[in-house]
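A.B. asks: Here is how the chains run, residue by residue.
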Amino acid sequence: MPELLAPIAGNVWKILIAVGDKVELDDEVIILEALKMETPIYCDDNGTITAIRVKEGDAVNEGDVLAVIG
Amino acid sequence: MFDIFKQLIMSSGAVSLTGGNLIMWLVAFVLLYLAVKKQYEPLLLLPIAFGILVVNLPLTFLMEPEHGLIWFFYHYGIENDIIPPLIFLGLGAMIDFGPLIANPKTLLLGAGAQVGLYVTFFAAILFGFDLREAASIAIIGGADGPTTIYLTSKLAPQLLGATAVSAYAYMALVPIIQPPIMKLLTTDHERKIVMSKLRPVSRLQKICFPIISAMTIMLLVPASAPLISMLMLGNLFKESGVVERLTKASSNELMNIVTIFLGLSVGATMTASTFLSPKVLFIFFLGLFAFIISTASGLLMAKFMNLFLKNKINPLIGAAGVSAVPMAARCVHKVGSEANRRNYLLMHAMGPNVAGVIGTVVAAAILLKNLG
Numbered sequence: 001m002p003e004l005l006a007p008i009a010g011n012v013w014k015i016l017i018a019v020g021d022k023v024e025l026d027d028e029v030i031i032l033e034a035l036k037m038e039t040p041i042y043c044d045d046n047g048t049i050t051a052i053r054v055k056e057g058d059a060v061n062e063g064d065v066l067a068v069i070g
Numbered sequence: 001m002f003d004i005f006k007q008l009i010m011s012s013g014a015v016s017l018t019g020g021n022l023i024m025w026l027v028a029f030v031l032l033y034l035a036v037k038k039q040y041e042p043l044l045l046l047p048i049a050f051g052i053l054v055v056n057l058p059l060t061f062l063m064e065p066e067h068g069l070i071w072f073f074y075h076y077g078i079e080n081d082i083i084p085p086l087i088f089l090g091l092g093a094m095i096d097f098g099p100l101i102a103n104p105k106t107l108l109l110g111a112g113a114q115v116g117l118y119v120t121f122f123a124a125i126l127f128g129f130d131l132r133e134a135a136s137i138a139i140i141g142g143a144d145g146p147t148t149i150y151l152t153s154k155l156a157p158q159l160l161g162a163t164a165v166s167a168y169a170y171m172a173l174v175p176i177i178q179p180p181i182m183k184l185l186t187t188d189h190e191r192k193i194v195m196s197k198l199r200p201v202s203r204l205q206k207i208c209f210p211i212i213s214a215m216t217i218m219l220l221v222p223a224s225a226p227l228i229s230m231l232m233l234g235n236l237f238k239e240s241g242v243v244e245r246l247t248k249a250s251s252n253e254l255m256n257i258v259t260i261f262l263g264l265s266v267g268a269t270m271t272a273s274t275f276l277s278p279k280v281l282f283i284f285f286l287g288l289f290a291f292i293i294s295t296a297s298g299l300l301m302a303k304f305m306n307l308f309l310k311n312k313i314n315p316l317i318g319a320a321g322v323s324a325v326p327m328a329a330r331c332v333h334k335v336g337s338e339a340n341r342r343n344y345l346l347m348h349a350m351g352p353n354v355a356g357v358i359g360t361v362v363a364a365a366i367l368l369k370n371l372g
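From first to last, the protein sequence lines are chains A and B.
If you use the working numbering, the first sequence corresponds to residues 1 to 70, in order.
If you use the working numbering, the second sequence corresponds to residues 1 to 372, in order.
One chain only, chain A, in its complex shape (with noise of 0.2 Å):
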């Protein structure tokens, strides 16, 4: 399954979507928190979301994941 991967290390600061939603290509899911910046993170595939893997204000790296695509 497709997976949603933090492109850069940051804090989370919003989540725009629910599990079971249902996500396309280009889609703003997630936004990061990075040197007091916003960044949008877009959603890579079409599908549904399965599983989100992070909270607001949880600090990821580069390379987590953020949710999964089912």
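Read the hints as simulated data drawn from the structure, not as lab findings.
Each residue gets a CB set at the ideal place from its N, CA and C atoms; glycine is no exception.
Take these hints with a grain of salt, some might be off.
Partial list, derived from the structure: chain A residues whose beta carbon lies under 8 Å from chain B [to be verified]:
1. A9
2. A34
3. L35
4. Y42
5. N46
What follows is a set of in silico ranges between Cβ atoms, one per label pair, in the way DEER data are often shown [said to hold, decoys possible]:
6. A:Y42 - B:L131: 47 to 55 Å
7. B:F304 - A:E56: 39 to 47 Å
8. B:C208 - A:E56: 19 to 27 Å
9. B:F127 - A:Y42: 42 to 50 Å
10. A:G57 - B:L131: 50 to 58 Å
11. A:E56 - B:K248: 39 to 47 Å
12. B:A14 - A:E56: 51 to 59 Å
13. B:P278 - A:Y42: 25 to 33 Å
14. B:L204 - A:T50: 37 to 45 Å
15. B:G128 - A:E28: 35 to 43 Å
16. A:T50 - B:C208: 37 to 45 Å
17. B:Y33 - A:L16: 30 to 38 Å
18. B:V242 - A:E56: 28 to 36 Å
Once the Cα atoms are required to be at most 20 Å apart in a straight line, the calculated EDC-like pairs of lysine to aspartate or glutamate come out as [to be verified]:
19. A:K14 - A:E56
20. B:K197 - A:D21
21. B:K334 - A:D26
22. B:K206 - A:E28
23. B:K197 - A:D64
24. A:K14 - A:E33
25. B:K334 - A:D27
26. B:K192 - B:E338
27. B:K303 - B:D188
28. B:K334 - A:E62
29. B:K248 - B:D96
30. B:K334 - A:E33
31. B:K197 - A:E33
32. A:K55 - A:D21
33. B:K303 - B:E190
34. B:K192 - A:D26
35. B:K192 - A:D44
36. B:K38 - A:E38
37. A:K36 - B:D96
38. A:K22 - A:E62
39. B:K334 - A:E3
40. A:K36 - A:E3
Fit chain B to the known structure of chain A by using the hints.
C.D. replies: Below, chain B alone, put in the same frame as chain A:
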């Protein structure tokens, strides 16, 4: 009764007001507005603006040598070079040199972006400034507030207010000044270049970095010692991971405390008689020129490096070689993501950005060594 009243009025500051004072009030109010309403570098502009306002109230003697309250802050903090190195201590405790360690060639970008400084140095001499003044103006191109204050207070203290305000103003204006130059000097294709993931940097490397670079830089350029030693000490605090209290004290409490005295003192140097001269306009103009040339030279340096690199770098990160940390890196990230929304350049831009800080300090030390 009338006499007492008359005396009271005559001894008040109001009758000693000059037109210059009123203009300086206006300058103070503009800066207050920018700080409060626009939030341009408010941590500095707010105390600077208030400093300007209070020294332009006649007969308060706040900047009177040996007597005035703010004069003491200025004398002990800035004239004696205490505050800028302390700011660097805090900066060191906040900076992550990881991206620079992971990609050491970005050091060249930090050096490349210092070109504007030297170009401006000669331009300022052509405009009739003497060598020491020219150096103080040129350093604005490094976009590093504490270094600008450090160098100007040693070489041309009469220009301190103007160079400090223009350095901080241009740092705040990074998102407005830099993007047009970035777009002019790069192609759409270049801006879209996605850079590969930075290699991980071990804790040992991060601990060794401040020690080794402090030794290397200070052996090569001893005049950089006050700023570099404090910067690297702060970074060693942070990366060692064993003195969290000292890291926090340096980057929060101490930094905030000295920022108050720094801003107030810098503002207080701006009395009508020192600030209201045509020279000041030239300083702002030349400072902007320095900043633009530095941005351009960083970009061109990156494009030049690409001629030899197999894994191309995105030339935008060259613009982060000016030291405004992290404003310039954020700006690079933003312009990069406009070209390609999946382009995350932030961390890649932090490499040249922190290298720029070191580059500006070294440049300042070289100027100081030769002109001080």
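A.B. asks: Holds or violated: is the Cβ of Y42 (chain A) closer than 8 Å to a Cβ in chain B?
C.D. replies: Since the shortest Cβ distance to chain B is 6 Å, the answer is holds.
A.B. asks: Tell me if the straight-line CA distance from K197 (chain B) to E33 (chain A) falls inside 20 Å.
C.D. replies: 18 Å, holds
A.B. asks: Can you let me know if the beta-carbon spacing of T50 (chain A) and C208 (chain B) is within 37 to 45 Å?
C.D. replies: Given a distance of about 43 Å, which is inside 37 to 45 Å, the answer is holds.
A.B. asks: Y33 (chain B) and L16 (chain A), beta-carbon distance inside 30 to 38 Å?
C.D. replies: 35 Å, holds
A.B. asks: Between G57 (chain A) and L131 (chain B), is the Cβ distance one that fits in 50 to 58 Å?
C.D. replies: 53 Å, holds
A.B. asks: Under the criterion that the straight-line Cα-Cα distance not exceed 20 Å, is the pair K22 (chain A), E62 (chain A) satisfied?
C.D. replies: Status violated; Cα separation ~25 Å.
A.B. asks: Using the Cβ atoms, figure out if G128 (chain B) sits within 35 to 43 Å of E28 (chain A).
C.D. replies: 54 Å, violated
A.B. asks: Against the range 19 to 27 Å, how does the distance between the Cβ atoms of C208 (chain B) and E56 (chain A) compare: consistent or not?
C.D. replies: Check failed, 36 Å falls outside 19 to 27 Å.
A.B. asks: Is it true that the CA of K192 (chain B) sits at most 20 Å from the CA of D44 (chain A)?
C.D. replies: Distance ~17 Å between K192 (chain B) and D44 (chain A) Cα, so the pair holds.
A.B. asks: With chain B as the partner, please determine if L35 (chain A) meets the hint condition of a C-beta pair closer than 8 Å.
C.D. replies: 5 Å, holds
A.B. asks: Has the given pair, K334 (chain B) with E62 (chain A), been kept, meaning a C-alpha gap of at most 20 Å?
C.D. replies: Answer holds: K334 (chain B) to E62 (chain A) is near 18 Å, not above 20 Å.
A.B. asks: Please work out if K334 (chain B) and E3 (chain A) have their alpha carbons no farther apart than 20 Å.
C.D. replies: Violated, at roughly 25 Å.
Violated hints, in rising order: 5, 8, 11, 13, 15, 20, 22, 38, 39, 40; the structure is consistent with all others.
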